[in-house]
Amino acid sequence: MRHILSILVENEAGALSRISGLFSARGYNIESLTVAPTEDPTLSRMTIVTVGSDDVVEQITKQLNKLVEVVKVIDLTDGNHIERELMLVKVRAAGKDRDEMKRLADIFRGRILDVTDKSYTIELTGTGSKLDAFLQAIEPGVILETVRTGASGIGRGERILRA
Amino acid sequence: MQLTGAEIVIRCLQEEGVEYVFGYPGGAVLNIYDALFQQDQVKHVLVRHEQGAAHAADGYSRSSHKTGVCLVTSGPGVTNAVTGIATAYMDSIPMVVITGQVPTHAIGQDAFQECDTVGITRPCVKHNFLVKDVAQLAVTIKKAFYLAQTGRPGPVLVDIPKDVTQALAEYSYPKTIALRSYNPVTRGHAGQIKKAVQLLQEAKRPMVYAGGGVVLNNASPQLTRLVRLLGFPCTNTLMGLGGFPGTDPQFTGMLGMHGTYESNMAMQGCDVLLAVGARFDDRVIGNPAHFYRSDRKIIHIDIDPSSISKRVKVDVPIVGYVAEVLEEMLKLIESSPHRPDAQALKDWWVQIKEWQRKDCLKYDRKSALIKPQYVIEKLYEITGGDAIITSDVGQHQMWVAQYYPFDRPRRWINSGGLGTMGFGLPAAMGAVLANPGATVACVTGEASIQMCIQELSTCKQYHLPIKIVNLNNKYMGMVRQWQQFFYGNRYAESYMDALPDFTKLAEAFGHVGMKVEQPGDVEGALREAFKLKDRLVFLDVITDQSENVFPMVPGGKGLTEMILAEEL
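As given, the protein sequences belong to chains A and B, one line each in that order. Note that the numbering used here numbers the first sequence so that position 136 is 136, with each residue one more than the last. Note that the numbering used here numbers the second sequence so that position 133 is 133, with each residue one more than the last.
Be a bit skeptical, because a hint or two may be false.
Covered by chain A, per the in silico footprint, the following chain B stretches (three or more residues, Cβ under 8 Å) [said to hold, decoys possible]:
1) 89 to 97
2) 176 to 184
3) 298 to 307
Quick list of in silico lysine-lysine cross-link-like pairs, DSS-like style, CA-CA up to 27 Å [what the hints assert, rightly or not]:
4) A:Lys72 <-> B:Lys66
5) B:Lys533 <-> B:Lys515
6) B:Lys175 <-> A:Lys66
7) B:Lys142 <-> B:Lys362
8) B:Lys531 <-> B:Lys504
9) B:Lys204 <-> B:Lys331
10) B:Lys66 <-> B:Lys194
11) B:Lys460 <-> A:Lys62
12) A:Lys66 <-> B:Lys371
13) B:Lys557 <-> B:Lys297
14) B:Lys194 <-> B:Lys366
15) A:Lys90 <-> A:Lys130
16) B:Lys297 <-> B:Lys378
17) B:Lys297 <-> A:Lys62
18) B:Lys346 <-> B:Lys195
19) B:Lys504 <-> B:Lys460
20) B:Lys557 <-> B:Lys313
21) B:Lys331 <-> B:Lys195
22) A:Lys62 <-> B:Lys194
23) A:Lys66 <-> B:Lys313
24) B:Lys331 <-> B:Lys297
25) B:Lys66 <-> B:Lys142
26) B:Lys533 <-> A:Lys66
27) B:Lys204 <-> B:Lys194
28) B:Lys66 <-> A:Lys66
29) B:Lys132 <-> B:Lys175
30) B:Lys533 <-> B:Lys43
31) B:Lys43 <-> B:Lys460
32) A:Lys62 <-> B:Lys371
33) B:Lys346 <-> B:Lys460
34) A:Lys62 <-> B:Lys195
35) B:Lys313 <-> B:Lys297
36) A:Lys72 <-> B:Lys362
37) B:Lys531 <-> B:Lys515
38) A:Lys66 <-> B:Lys504
39) A:Lys90 <-> A:Lys66
40) B:Lys371 <-> B:Lys531
Derived by calculation from the structure, the hints in this document are not laboratory data. C-beta atoms are modelled at their ideal positions from N, C-alpha and C, and glycine is treated no differently.
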C-alpha cells in the first residue's frame, strides 16, 4: 500500500539526514521526499511517499515520532487529502509535433514556460498518476528531460497539521 | 559572568552532579581538560582506550541509575568510542558523550583528526548535537542530560569544536528544559490499564515476562509486588535479570535462546502474557511466526511506542513508565475483590513444576575437568549472591545468567543488545566507582578479555579491586558451539592459539594473578581472591573445552524447539 506521510520537523541542520537515515537503516522505502520551511521558519514540513504493509507503515510512523527533532507525523492516506506534484518536461517540438505538443499540454492543463524553435518546456501539476499519464500520452522519443518534485500533500477541510 | 566554552562544559557537569568523567585527552579537547584540571569537583578517570571510556560510563550508569559521562577527542577518539556508544544505545543506557571537534572554520576541510562525528554516531545515539555557538553550549548540555534520562533512556552526544571551547559567553544553566518536539508519553492510558487488569484477573494460565525496562525504570518493587499478589509465574529477559528476585519460587528462570525449559514452555503455553519493559526480540522469542498463538492475549507495557507490536502483535498496548503503570495496576487489583481462578492457577503451576522436573540446567558434576557452570555456582556461594557481576559476551555470559540468580536489579551488567565483547572489564570499573565498597566481579572468557585488556592499567591507577573470573577454554566458546551444532564441527578460527600467561600478565600490570586447573581448587581460589578486598585479582580458570550452553533454541526456530543437554 502507498502511504503519504506528512511530517513537521524542527528546521535544523541534520534533521533531514536523521529522517532519511532512519528509512535506510530500517529498510523502509522512500518513493519520494519533499521538504521546505513552513510559514514558521523554525519548522520544516516534509512529505514522504512510502510503500509498505499497514504494520510497516505503523512502525515507520512510530520510529519517526521517536526522533527528537520530529514535532508531528500524520499519515495523510488515513483520511481525505489533496496530493499534488509538480513536473517540468522539456520536449522536442519541431515540425508537425509542435502543434500536437501544445494541444496535449493544454488538455493536461500544462503551461509552457520556455520556448525555443525546437523545444517546449512544460510545467504540469497534479497527482503523480496524472503526471505519469501525460508522459505516457506523448511519444517517448520526444522527451528530452523531466524533473519531478515528488508529492506534497495536505489534509482536506478541518484536518490540520500544526505544531 | 563570562566563561570560556571549556569552563561552561565543566560548570554544566558540576551542575548535573556528575562525579566521574571517563575519558582520554587529545588536541580537540585540550581546553576542556585544562578547565577540568583547575577544579576538583568532577573527577576524571583516564582510560587506556576510548572504547573503555564509553563502557565504563555505561557500567557506571547501569549499576547506579545515574547518567554516565565520557569525554573523548575528535577523529579516532570518537571512532574508538563508537562501539561503546552503540552498546549503550542498544540497551537504552542514559549516557552523555562529550566529544571534541576541530575548530568550526576547519570543519569539512579534512582537517587533522577530523571526522563527521554527528554523522557517524547518528544511528547509535538517542540524539546528538554539534554546538557551533558558545552561547548555545550550556542549554545544549542541559538538553543532552534531559534527553538521556527521560522517556526511553539512551546515549546523547554533544560535539564541541575547539574554538567554541575557547570562546567566551555569559553563563547560566537552565533549571528546566522543554522541547516542543519531544514529549514522551509517561503515564499509561487508564482505560488500557483497566483492560489489562481485567485480563490478568481472568487468566487461567498467566505468565509475566519482564525485561530491562523494569531495571532501567527502577520498577522492581512494583513488579515484585504485582507478581506475588497475583501468584503468577515470572520470567526475566537477559537484561531484566534481578528485576524480579532470582531466588523467588515464582521465578522460572531466564527465557529465550538459552532460557530455561519451563520459562520457554510457559511463554508459549500461557493464555495471558504480561510483558513489562521487554521487546520480544529475536533472542527472546525466536521465530515470531512460531511464537504466535491465536488463543493467547498479550498485554505490553513499555515507554517506547515503537517497541510495541514491532515483532509481535499485542492485544493491550500500554505506553508509559513501567513503574507508574504497574503502580496503577496494583491499585486496581488491590481494591478489587476479583482474584484469578485459584484452581486454574494451581493446575498451571502443576504443569510448570512438571516442566521444571526436566532440570534443564543440569550438568556433569563428576567431571575431572572444571565445568564452567560449577565455577559460577561457587562464585554465587562465595559472594553471597550479592555481587555486582559484569560480563563479556558468549558462553560465560549465558552461564552467569543461568547459574547466578540475581535477587536485586543493577547487579547484573552485560551487553545484551549489541553483544559487545570487551565490555566486561571497563563496565566493572564504572560499577566499582559507582558503588564504593561493593563486591564487583567480571566474568569473562579468554577471548573477550583480550578485547579491552589494556584497562587493567586503568584499574591499577585508580585501585579498582575487581575480581576477574576468566573462564578459559581456549575457544571463542559460543562460536565453537554454533560450529559444532550447525557447521559440522568445522571450528573455523574459533580456537585461541598463543594465549598469554594471564597470571603473569595480571602481575605485569601490578595485580594479583592466579591460575586454577583442578575442580577441587576452584572454591579455595575464589575464596582467596575475594579475601583480597583491595586488590584486583585475575583468576584464570582452565575449563572444559567441550562444554556447551543448554538449553538452546537454534536461530530462526520457535521458542519451544529447544536443544537440551541430554539430546546430544
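Next item on the list: Hint by hint, work out which the structure violates, then give me just those numbers in ascending order.
Entry: 1, 4, 7, 10, 11, 12, 14, 16, 26, 32, 33, 36, 38, 39
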